[in-house]
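S.K.: In order, the protein sequence lines correspond to chains A and B.
End of the first sequence sits at 1392 in this note's numbering; the numbers just go up one at a time, nothing left out.
End of the second sequence sits at 617 in this note's numbering; the numbers just go up one at a time, nothing left out.
It is possible that part of the hints are untrue.
Said to hold, decoys possible - Among chain B residues calculated to face chain A with C-beta under 7 Å, some are: (1) L358; (2) D364; (3) P371; (4) S438; (5) G444; (6) F487; (7) Q573.
If you're looking for bench data, these hints aren't it; they were derived computationally from the structure.
Being a predicted model, the structure only gives us computed values, none of them experimental.
Glycine is no exception: its CB is placed at the ideal position from the N, C-alpha and C atoms.
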Amino acid sequence: MSSSNNAGAADRLAEVRRQIPDSVLRLAYHAALPVVVDPGLLNLFRVNFFLDPPDTLPFEAEAALLLSPLFREIGDCLYEMPPEVRNVLLVGLQTSYGSERVRQVALLLQQYSASAWSTQPQLERAQQLTALNFVDSVRAAQWLESLHTDTEGAAIGQEWYVAMRHHLSAEPQPDRAPREVARAIKKLRDKSQEVRLNAVQALAGMAQLPGTDITDAGEALLDVMRYQSDADASDVKAAVALLRILGGRYAAEAAVHANRDLRQRAMASGHPDTPPIALTKRGVRSAEMGRFEEANSYYEQALGLFRQTGDRHNEGRVLTNLGNVYVQIDRFEDARAQWQAALNIMRELDDQMATARLQQKIAATYQSTEDLSAALTALEEVVAIYRGLAESGPDVMSDLAVSLNDLAQVLNSLGRASEAVRLYRELLPDQERVLGPDHPDILVTRRNIAFWTGECGEPAEALRLYRELLPDQERVRGADHHNTLAIRGNIACWVLIITTRRPVAAISKP
Amino acid sequence: MTSVHLPEPIAEIGRQLRRRRLVLGIDDYDALRRALAAGFGWSSREELGRLCVALWVKSPEEAAVVRAVVSRVVLPTWNVSPATGEATDMPSANVVNVPVPRAADDSAEHVLETESVHGLGVVPLSIGAVDRTLVTVPQYPLAEREIAQAWRRLRLRLRSGPAVEVDAAATLEQYGRHGIATPPVLVPRRRNTARLLLLIDRFGSMTPFHGYVDYVVKAIHNAGRIDDAREAYFHDLPGSVANRSVLQQVEDPFRADLDAVLSLIEPLRDGSVYQDPQLTVPFPLATVLDNLAEGTAVLIVSDAGAARRRYDATRLLDTVALLKALHAKVGTVVWVNPVQPENWPRTTAEQVRRYIPMYPLTREGLDRAIDGLRGRPAPVERVL
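Chain B with its partners taken away, still in its complex shape:
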């Protein structure tokens, strides 16, 4: 097998896109090769950008990223040669043979590329330039596609709704039994009837993660194909345990865990969660708990004090009380922490994870969290 070397600018475009979570395959490169060989994309950098967008992207966000990356890569000086009309292998050198003459030269590509913007008023407030190399699309550790793939595994497929799908086996069996032509047997479609409740911590130390968490929630809704996925928001915790005296019964003041008093902690019912991420529409925690249907998977998204590297015994107490209340209603409760595990030690998170499976908000973490939500047992140090 012979190896094919990509021209450096194309390879660099591929590398930069990969770092921006847009991974090109062989087919993508081949499509570009054929298009270039056919004479497209040579007239200017913008033209090449448009070609790449046309060939590679699936969303406006990806298009913005591709355009910016093509704008920032150093392109070679093109050598013009007559067009052959046939696709050829990509040359490996920085000098590229061009099949058709190009309309304009863009030799000053490496400098900031700007275009005039005319503002209104006496003196325009705008700087009067835009930089095409700048990306204005946020980027998070996981691509939407990865989140969707992970969440599609949370399935409980049952037939429900109107009978619209032909049951071929039952239809044949009915025909065989009666010996005459009968109408086809119809059954409802299979739907993902899994139920998911996302309890999401907002503001405070979670503020830097809002964009990422919102992006994950949106991806779950867009592509997770879960019939009943809903969110409830809170700040730090939905409520607090009224009886703080439990903490005074921990004999060793230097111990961070609450193992010795676990049985004394009552499930948390008093408190509020919110319907919206801005925490403006409250409703009682008790209502959420009472409406939790059997089999609902509960996913808590919170840093549990890890973002600020803090340990707070009262927060741990309240968390344990909340977990007890959730466990009383549903079997599967899993915690996802947007802070990386190396920052969990010596924080409340380190203690919380002793009582509930806790995973980082990474691809592997999400996979393991979904395994837990599907009922796969995950060991914890102390069962509540």
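Chain A on its own, in the form it takes in the complex:
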């Protein structure tokens, strides 16, 4: 099998796994056995193997699979899988379900072929021969040879005979993944670059099989990366890509290797910024000028390069920027999708500040679409993160206060304003400890407590809190500060409400 084909298998499977769940990929293991499938055969695979627990799939899984990048429609409602992908999936079938399932799939294919393709003898025979080959490869070869002397052979045609001979000779007898992995690791130490590349790509393909562990290959892959002098060698590049997939320290070493190489090239070319960073900067400039499509284009290019080098942090940042652009053009769902992707990266990197900021943005999109329960969940996480980091300085405390404001709004919309009061009261001692007693943010928090107390239907208590706040406010911010004037207005309103029993809605907001 050629190395480029193997590379295609890994990339294609990675792409497919972004689109369909692993449970649907297990249906694809079964669909890999026939030469081609049609929707009817795929339906029978699901009906026979995915209706009863623990493996259950809905009807929609069939269309999701046929329309995924795993298949190419070749006409007559037939779908073909690239051979290299097929080989990897057959390993998955053997590993996950064993030889008995391979035999059952072959038998089902045989039964189906006789009824579905009786008017297409070449296809019918090809499918039956493939089924037989998986159950008894010797007899399959014998049948093909006997066709030479048979009248049926003349009817089916010489071209078909040659094609099937080639097909059978290339047909793998799938083994279980651990054995395939062990074989590939051995080949990683081969002298031939092509053999090494083939081995890396085979491992890359198997790495895409859910539940298949290729970590054993990590050290051998690091050796391929470290000890080859040419960083551009195809086996080294492939090894670096696979190390990233392995994650953990393997990914970290691969990223260091790739970044070092990229920076050396950038310096040599006279441009201090690496290309993706330059593109990101251009994107930011375009967005600032309101050229959002152009900004998107720059960001997408940068994103591709950061992904190539495995720079997850910058990948997350660019995704955040993309989300910012979508918000500018009111595409909140698209923005949320980008931020969610960035959030996943920041969580993976354990960057808590970035995680909190992204969750805050995501919560804002939920608020704009009035999905309050989702907004609440997101903001609760934000507050929890900032609380955990609060001791690290005034900036975090300020972020915490702002996130509490958002949370209070959502709680109030859900009829839970009293919880907002409780949260602000809990914030106050932390603020006093970190910021000092007279910090303006503390005055804002006290004002929020007074405001939400009033919203909870306690006008007398709200009035008392505003009156307590006023002298401190005047002392710290001055008598003419706009917040001081607003507090005077609040006091006047509450006095009016309490004395005239006017509805609370008449009060001005802080």
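Add chain B to chain A, keeping to what the hints say.
M.R.: Here is chain B on its own, set in the frame of chain A:
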């Protein structure tokens, strides 16, 4: 009331059949209990399968499913006891008392069951075995019975054709008026004169749904009892709007809808639909439109780009033009989408459903679609 526990193998057969849309009732279980008590179905797994088929199924397809399910369920070791000839309650344990001796033991039931098949030629191409546990009958989200039940609600019952039915009231009234025996008054039978046009999208992203859609159409014809139900097929859309410049008049390029230019879109008349699902026999769309009788219900079956999760402004433009042409002739046009609604957002389907009621091809979706075809108003965001 005492609860009755089914023996596990029978309960498992029931569960597996339910997942395959064949739901057994108490009477079905009772029939099996009586037959087993009378000594039937004990000699082999095949015999039990034949008994279940005889008792429960109504079609060859259901028979195949029952046989496969009985073949794959693990059966207990039977304890033979003398026959009493009387029906008894089903025991709840896995060990079953058998009233008559059985002819053969099939203890190795859990392994693949095969039988030899003799092929022709020097070396047979066949694997030489069949697996009785395998089902070769397709299964879709709706049973034919459910589809038929849903479509029977699309009714316009009028008397037409030859007078063959006695009108008892009119006959008595005539007898009372004349006072002498007169021939009975005959009237034509009531028939479902509802008219239905199914416009069905084929190939491309609809290919994975062909089997399901064909199955639904067949069920409508078999049991829908609609006098005039016909299909016309197309790929993506029957035609395209010649004047694409309408799209350039949408001021905001980031808006997916066509609300701002709706009034500028002309009804679609140029284009072709096909008489057959293979799209080999075309006829003009204009002919279909011109022949649409008043009161015809039109059902469009298409994924509207949702299967591939795509948004296509030109497809939306052409769809709106087609809908305008249909609305100009008939009042009730409804869209059924075989893709589940959670996959509609950010596709052409999401925009199409703003202009026409669109429902998924599920039981609830079909019920609501038929409500729409019967004239029950369904709100849309923008009326065309």
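S.K.: Determine for every hint whether it applies to the structure shown.
M.R.: Now for the hints, and whether the structure bears them out:
1. A least Cβ separation of about 5 Å between L358 (chain B) and chain A falls short of the 7 Å threshold, and the interface hint therefore holds.
2. With a least beta-carbon distance of about 5 Å to chain A, the hint placing D364 (chain B) at the interface is held under the 7 Å criterion.
3. Because the closest C-beta pair between P371 (chain B) and chain A is about 5 Å apart, less than 7 Å, the hint holds.
4. Given the 7 Å rule on beta carbons, the hint for S438 (chain B) holds: about 6 Å separates it from the nearest Cβ of chain A.
5. For the restraint placing G444 (chain B) at the interface with chain A, the shortest Cβ-Cβ distance is roughly 5 Å, inside the 7 Å limit, so the hint holds.
6. For F487 (chain B), the shortest C-beta to C-beta distance to chain A is roughly 5 Å, which falls under 7 Å, so the interface hint holds.
7. Contact between Q573 (chain B) and chain A, as hinted, is supported at the beta carbon level, the nearest pair being about 5 Å apart and thus within 7 Å.
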